[in-house]
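Student: Each chain is listed here by its residues.
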Amino acid sequence: MMEKTIGSFEFKQCVIVPKSTGQSAANLRQLRTLLTSVSDESIFHHTYQYFLSGHVLEYTNAFAHWVAESLGEKALSEHLSNIDPYSFPNIEAFRHELLKAIDLRLEALPEPRDAMVGEEFFFSEALTLIFPLHVRARNLAEFLIAIRYIDKSSIYYHFYEARMRLGGGTDDFSKWFSNSVGQESLGERLNAIDPFMHTLEGIRNHIVEAVEDEVRRAMEEITS
Amino acid sequence: MITDYAGISPKGDLLLLQKLGERLSGKSFLHINSTRLGGGVAEILQRMVPILAELGIEARWDIIEGDQRFFDITKKIHNALQGDQVQISAEMWDYHAEINKKNAERLNLEADAVLIHDPQPAPLIEFRTGGKWIWRCHIDLSNPAKDVAHFLKGYCEKYDAAIFSVAKFVMPMTINQFIILPSIDPLSEKNREVTKEEIEETAERLHIPADRTILLQVSRFDLFKDPVGVIQAYRMVKKYNDCILILAGSPATDDPEGEAVLAAVREFAADDPDIYILMLPANSDREINVLQRMATVILQKSLKEGFGLTVAEGMWKGKPVIGGAAGGIPMQIVDGLNGFLVHSVEGAAFRVRQLLNNPEMSREMGQRAKDHVRTNFLITRQIRDYLAVWYSLEQGGRTVLELWQR
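In order, the protein sequences belong to chains A and B. According to this note's numbering, the first sequence holds residues 1 to 224 in order. According to this note's numbering, the second sequence holds residues 225 to 630 in order.
To be clear, the hints were calculated from the coordinates, so they are not data collected in a lab. One should not assume that every hint holds.
One-sided excerpt, in silico: chain A residues whose CB lies under 7 Å from chain B [said to hold, decoys possible]: (1) Gln13; (2) Val17; (3) Pro18; (4) Gly22; (5) Asp114; (6) Gly118; (7) Phe122; (8) Leu127; (9) Thr128; (10) Leu129; (11) Ile130; (12) Phe131; (13) Arg148; (14) Ser180.
In silico DSS-like links for lysine-lysine, alpha-carbon gap of 25 Å or less [as the list claims (entries may be wrong)]: (15) A:Lys152 x B:Lys594; (16) B:Lys299 x B:Lys325; (17) B:Lys325 x A:Lys152.
The C-beta atom is built at its ideal place from N, Cα and C for all residues, glycine as well.
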């Protein structure tokens, strides 16, 4: 079973260097105004790429993080955190949903307070570099070792960024298992892991567990 | 040399450095700042230039020269940019430009990329002959004296790009502006592992008792570093916990105010035998390293800060650091996770007591602090980012760059 391989999986990594847009918001109304006009790249950076930052807190994007930590708007933060960027066909639709959540809060009283000086929201984009890590897996066992130790930004690239790159809600790992290794059920199992619900280390653990189960099952198989 | 970082820096950083090095090999990269001694910029340049050279890049580092009047003016500009209400007259700006012109006549400014560090040499852009010019700002520009920032901006907008340490330091400008965290070198004399014998020898030479609980702040003697506030916090702690306080700093050639602040600190410390004020010679890196490793708790109670690399240095030694929530310190300390951010003397005193009374918490925070520095604040990551910005400019400003095998 484990020898049935076609193409090897090449691990890649991406790193980002933030690039300032020069625009900042000191309160929720300013954030809303700027959210209507900032580039898709900026929205992408503060939401999809937020997972790359190895966040340790409960937020799922930088907007939710900021409204909670700098404006004290916990309910809005929860609302923003609950918006799954991967459930939208494009960034424009996702942007619209973020604006809807903010509008809902702005219709209520009291008016949210301003952020302290220095705690404004600073809109950025990113310079992104993608490169191979010179680590290849030719079968499940090699993949299992690699995924345990690979840098977590490689997991971001293959599991998160891939969803935008490939479309169709899939990722590089699931695609490789399904298309190249002939492990469709494993591919489906990985594909079912909700990227939005985990940190990068959490995703690593889930992948390890799923692949380990498959390796264990394969080791038990009796073949002539 | 790059291979020396294997197992210390993240592998991805080293691979990307190699790949960018392959693409920029043979090109020249000139750094210019205003001092070879003292301060984080000079320290990192000392280490960065040989690494760039090993990557095949023709790296050079020059400094601008000036007289006392020039450095008095640049110190005032520096303070004004960090929020002090200081007037910079037209005559002072003229002198600033004139000294830069003299330096431009002396220096070889020809290079494929020129990275100008901080405001002192910013006017050199007027004498550019070619290549990509990038202005690197290491200081806190979040609340500058507006007229001073406006004047400086006149120079900055002539660059191809600017680099700031933190997003909130960015000046609204029409050029590309990148955010690159500064870094420490884990292999430098200041950060390498030291032996037990080195610790004992250094402690004896500096007359530091090895058996006492040590609170430490390492910084220039500068009002923005709040050395007096540190002494006040120490006095509050001392009522409950036996400890000594070490304030250690080195002179910097571009900081004429240092001596006056040092005198004020000595006066405030009075005759307390448990306060050790150490004015160490420049390049006392091993001493700083040993002091950080001997410390029980490290403070960096800055009121204003460029970035505060001494925080990352302390964290790299596996120590919890209590930092003022200023400048780049909140980028390094995740409050309550790998250290504490404080906003007052009382806050600093409380957190010191908390750490002294909870050694296990202190140890866990210290380990997380070291991990955080490894991922985000090592020199290999910073060089990687500089080369990435340069390569992006070479590629016409492209923002997604794929570096496959060549």
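Student: All hints, please: hold or fail.
Tutor: Okay, the hints, checked on the actual structure:
no. : hint                : result
1   : Gln13               : 5 Å, holds
2   : Val17               : 5 Å, holds
3   : Pro18               : 4 Å, holds
4   : Gly22               : 5 Å, holds
5   : Asp114              : 15 Å, violated
6   : Gly118              : 5 Å, holds
7   : Phe122              : 4 Å, holds
8   : Leu127              : 5 Å, holds
9   : Thr128              : 5 Å, holds
10  : Leu129              : 5 Å, holds
11  : Ile130              : 5 Å, holds
12  : Phe131              : 4 Å, holds
13  : Arg148              : 14 Å, violated
14  : Ser180              : 19 Å, violated
15  : A:Lys152 x B:Lys594 : 17 Å, holds
16  : B:Lys299 x B:Lys325 : 19 Å, holds
17  : B:Lys325 x A:Lys152 : 48 Å, violated
Violated hints, listed in ascending order, are 5, 13, 14 and 17; each of the other numbered hints is respected by the structure.
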